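Chains as they are written, first to last, in the numbering used here: chain A, 1 to 449; chain B, 450 to 578; chain C, 579 to 1085.
Please note: incorrect hints may appear among the correct ones.
[What the hints assert, rightly or not] Label-pair restraints from in silico Cβ distances:
hint : chain 1 : residue 1 : chain 2 : residue 2 : range
1    : C       : 773       : B       : 545       : 36 to 44 angstroms
2    : B       : 494       : A       : 284       : 16 to 24 angstroms
3    : B       : 572       : A       : 223       : 41 to 49 angstroms
4    : C       : 752       : B       : 545       : 23 to 31 angstroms
[Claimed, not checked] Pairs of lysine to any residue residues, derived as SDA-like cross-links and limited to a Cα-Cα distance of at most 20 angstroms, are as follows:
hint : chain 1 : residue 1 : chain 2 : residue 2
5    : C       : 1074      : B       : 496
6    : B       : 512       : C       : 996
7    : A       : 302       : B       : 542
8    : A       : 371       : C       : 615
[Said to hold, decoys possible] Sample of chain A residues with no beta-carbon within 12 angstroms of chain C, all distances over it, derived:
hint : residue
9    : 52
10   : 66
11   : 106
12   : 114
13   : 122
14   : 135
15   : 185
16   : 187
17   : 358
18   : 372
19   : 375
20   : 446
21   : 447
For the record, the hints were derived by calculation from the structure and aren't laboratory data. These numbers were taken from a predicted model, which means no experiment stands behind them. Just so you know, even glycine gets a beta-carbon here, dropped at the ideal spot from N, CA and C.
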Amino acid sequence: MRYLPHTPDEIQAMLQTVGVKEINDLFASIPASKRCASPLALPEALSEVDLRNTLRDLSRKNAHGEDWISFLGGGAYSHYIPSAVPALTSRGEFLTSYTPYQPEVAQGTLQAIYEYQTMVAEILGLEIANASNYDVSTGVAEAVLMALRVTEKKRVFVARSLHPEYREVLQTYLKNQDAEIREIPFTPEGTLDRDFLKKEVNQDAACVVAGYPNFFGVVEDLSDVAALIHQHEGLFITATSEALSLGIFQSPGEMGADIAVAEGQSLGVPISFGGPFLGFFATKRAFIRNLPGRLVGETVDKSGQRGFVLTLATREQHIRRERATSNICTNVSLCALSSAITMALWGKEGYRELSDLNFQLSETAKTRLGKISGIKLKFSGTTFNEFVLRSERPPPQILEQLQSQKILGGIALGRWYPELKDSWLFCITEMNQQDHLDKYVEALQGILT
Amino acid sequence: MNLPEDLKYSREHEWVKSDGKTATIGITDYAQERLGEIVFVELPNDGEEFEKDETFGVVESVKSVNDIYAPVSGRVIESNDPVVETPEILNEDPYAEGWLIKVELTDPRELKDLMSAKEYEAFLKEEGE
Amino acid sequence: MKNGNLTRSGIQFEEPLLFENSTPGRKGCSFPTWKGKKHDIPPALARRQPARLPEISEPEVIRHYTRLSQWNFSIDTNFYPLGSCTMKYNPRLNEEVARYTGFAHVHPLQPQETVQGCLQLMYELERYLAEISGLSAVTLQPAAGAHGELTGILIMQAYLQSKGEKRRKILIPDSAHGTNPATAAFGGFEVVQIRTGRDGILTPEVLREYMKPDVAGLMLTNPNTLGLFERQILEVTGIVHEGGGLVYGDGANMNALMGKAKPGDLGIDILHFNLHKTFTTPHGGGGPGAGPVAVKKFLEPFLPVPRINMLPGGGAASAGGGPASGWSGAPTYALDFDQAQSIGRVRAFFGNFGMLVRAYTYIREMGPDGLQRASELAVLNANYIKARLLPHYHLPFGEGTLHEAVFSDKKQKDFHVSTLDIAKRLIDYGYHPPTIYFPLIVFGALMIEPTETETKSTLDQFCDAMIAIAQEAQTDPEKLQKAPHLSGHRRLDEAKAARELKVRYQF
């Protein structure tokens, strides 16, 4: 047992110090009738080499990037992760440390999070950011709960074009809260229905939640929506699945968002079948006491040297217990670190550059795919690196045929949107090599003719 | 322990100084010491009314949050803004500069239920301090 | 303060912030140049103020973060006896496996037949956790322990609603983790605190007083936060069940019980695991974790969607299906999104899959005997520390310690030395401090959990340090009050941080 260091002699010596005869005596407080009578029914232990082979075999039962061409987005994006990122995050000092409750011996994590908070606030264009949430889906739910606390109102307007799974999570979170969800329809351009908003949003509205870009990849100027909800003293919340888009498109803060949440996975975190991901959470300074999750602040030590500590802990569960702003205990520190390192490597210019590259790839794909007969673009709005395609032929059929050519061709939308059962979501990033699009176009032409 | 003779005290560790019509309310020296370094104070707006034993504000130290309970019923006529700006005043001078609010009393008879300095001292002893 | 404050302090540097090291024009990345036709975005949509990310070269980034890492205590560098956090060794093989491209680069919305490996791993991990907990069904979706608690409370709520019952209260012992009351309140329950009995455990007599018809259930940590097994657990869960309530188990301390007792057998109806505690996924400086939830059979319909099912005849196919056959043959595992009574989703996709891979690998490494041995040695280690420190530190609740021991500063108080002073002084000796001032029912608590992966000699050295500190408290209290002396930073002013709230760099 390579993780367990005890020798029989040591165990004997320890038992003697403790004053019992055998280890089982230490479990005497468990009712005898309920102690495990037989070993756990689990597979027998494996040696390191067998274990490695077993897991490798299991991983090979999945289709993945190396043999396959993928055009999947929809809230999880394949982007290049610089080699420096895993090299640094796999350092034991970061990997195997705990939440920095003892700041004198956790300055590394604390300073890194403080820098992360600054960079996230910058990207989202807001004043402050927390130390991260689990992911953006739970971030949306926390943002709405925060809006309910701040406004003391109950009606929540949520865009139908927001990622369907984020909406499902929000529904779960609001189940036992005194709140009501209203869905905002989308227009033929894929944008928010302004007529609906103007008619329905009034003083009872706690907040409006919009995807930016939305689930269809559409980017729109939402300043007018922000102004509308502000007029009724509610908050404007944006949720961004693809944080890379904000390298070229205006930031949520610039549009007037009060709370901006985003999925940070695109910035240095592997897709990993959907988790762990990274929830960016930013807001205005005025709401700092209503912020969920951990927060790092600057201070000095006894000798006057600058240092960092977890602060405003009084909002949190371990002090406030049933009156906490949220029950969140962890952030996702290591993912936050990955994204911080990635942001530091990209820098101001690299972030814009990669963002623009994705936009160029996508616009080119849009032009080429739009020319294939039998395929149309579903929405006319501006998009970032993904967009919706439409065809008379049922998308599940098309995608299945692409799959037989080892192409993961997109995400059929009918599962969430009956009105879009003729459509699928297509995404392209810098990870798609030049010939990928050629192969996709060729395969589609073959299928549709 | 500093316990001025001219003040009245509550079991929730507030002090009250009253002329019979209005009252000034703060937290005791004992309370500020128990809390440790105070970092945040939240006080009600002028005109807000509350009943005796209702909470009217919050005092936070680094590691605790405490509601402040009204020792008497009243309507707020003034809040101590400098304490909100500079919470450490509460640690340094709880009985003078660190007062929290001034109220107009709804029921001056409630003053009788409060403790004298001596009684409060005995109460603290009983509490194990 | 550009490049400022480069002062030496021992062997450490004060590392400037990234932003203070930024030089316009530098960058640490290179991307393919776009050679095609250039498309412009509509000006109205363009970002006006660029994000002021630092401008630094790759070698500078490496040095920056390497230096920062050196300021952290970690399991890899120091003994980390943080009570309630189970800081055991994090195996490196698990890290390697989680990075296999067949796991790390699989998309969550891929067709199910192309992700059979992921689904098999998750299905089997669910079965393993069900076996370890003695419960029937498991969801892996919750992203952390507190998230698992939330899931569990929502399940409890949904179950009661399905029976048309309106029970508003949840009972929680005063020794519980803060997440318990926070979660219960969030689930829409009123929290009623129950006092712990004199010997540190819940007593049936006290519980009976509280178990009224409006009580939905009890949230219980077992072993509790004092490291004690709830000896009366069968009576306790019996009382709750008789009263029509459910028992929620906080699995934070499962490291004491693997293969020794199953929570399901003890009357627990819902239990969350902390994979980052018991099952060695790394803490990462505060996450990501994973908080699977296990339930009894009658609660299975309420678990979050999607569920993972094995298809009829799947067992045989699974055993026979070799690598690379996953997507061509008939799928063995399928996702089920259609559960009428489910509480819904608690997060997008399927949970923290990368953490599930690590936990799965750990369980396969250890096997049934290894897991049981791990719990036994964790308990032996804790009891050994308890025995050695007992003459020197006050132990308020002593009977039946399992995986952790909770001391207090009562003896040191006479010399004006507090738990905080003891904790900070331990840093000088090279140890991470224990969990302090928790549980709240022990004044000045020092909660020590050594875990099973520490050697006797490490424990001895730690105990020697603790004993030396107890002596210093008598002879040189000031040394403790001013500790730490040897860390990169002296004691930090938390009050200043909370008053000023500087939570980002100001450009």
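Checklist entry - Taking the closest pair, is the beta carbon of residue 447(A) still more than 12 angstroms from chain C? => result It holds; residue 447(A) is separated from chain C by about 16 angstroms at its closest Cβ, greater than 12 angstroms.
Checklist entry - Minimum Cβ separation between residue 135(A) and chain C greater than 12 angstroms? => result Its Cβ does come within 12 angstroms of chain C, the nearest being 6 angstroms, so this is violated.
Next on the checklist: Looking only at beta-carbon atoms, does the pair residue 773(C), residue 545(B) fall within the given range of 36 to 44 angstroms?
Outcome noted: At roughly 39 angstroms between Cβ atoms, residue 545(B) and residue 773(C) fall inside 36 to 44 angstroms, so the hint holds.
Checklist entry - Is the Cα-Cα distance between residue 302(A) and residue 542(B) 20 angstroms or less? => result 24 angstroms, violated
Checklist entry - Checking the smallest CB distance to chain C, is residue 358(A) really beyond 12 angstroms? => result 10 angstroms, violated
Next on the checklist: A cut-off of 12 angstroms on Cβ-Cβ distance, and residue 185(A) was said to be off the interface with chain C. Does that hold?
Outcome noted: 22 angstroms, holds
Item to check | Assertion that residue 375(A) lies outside the chain C interface [Cβ separation over 12 angstroms] | outcome: Holds, since 20 angstroms exceeds 12 angstroms.
Checklist entry - Are all beta-carbon distances from residue 106(A) to chain C longer than 12 angstroms? => result Its Cβ does come within 12 angstroms of chain C, the nearest being 6 angstroms, so this is violated.
Next on the checklist: Does residue 496(B) sit within 20 angstroms of residue 1074(C), going by the straight-line distance between their CA atoms?
Outcome noted: 32 angstroms, violated
Checklist entry - Taken at face value, is the distance from the CA of residue 996(C) to the CA of residue 512(B) at most 20 angstroms? => result The given pair, whose Cα atoms are some 16 angstroms apart, holds under the 20 angstroms limit.
Item to check | residue 187(A) and chain C, when compared Cβ to Cβ, separated by more than 12 angstroms | outcome: 16 angstroms, holds
Checklist entry - Is residue 114(A) truly not at the interface, in the sense that its beta carbon sits beyond 12 angstroms from all beta carbons of chain C? => result Since the minimum Cβ distance to chain C is about 7 angstroms, residue 114(A) lies within 12 angstroms and the statement is violated.
Violated hints, listed in ascending order, are 3, 4, 5, 7, 9, 10, 11, 12, 13, 14 and 17; each of the other numbered hints is respected by the structure.
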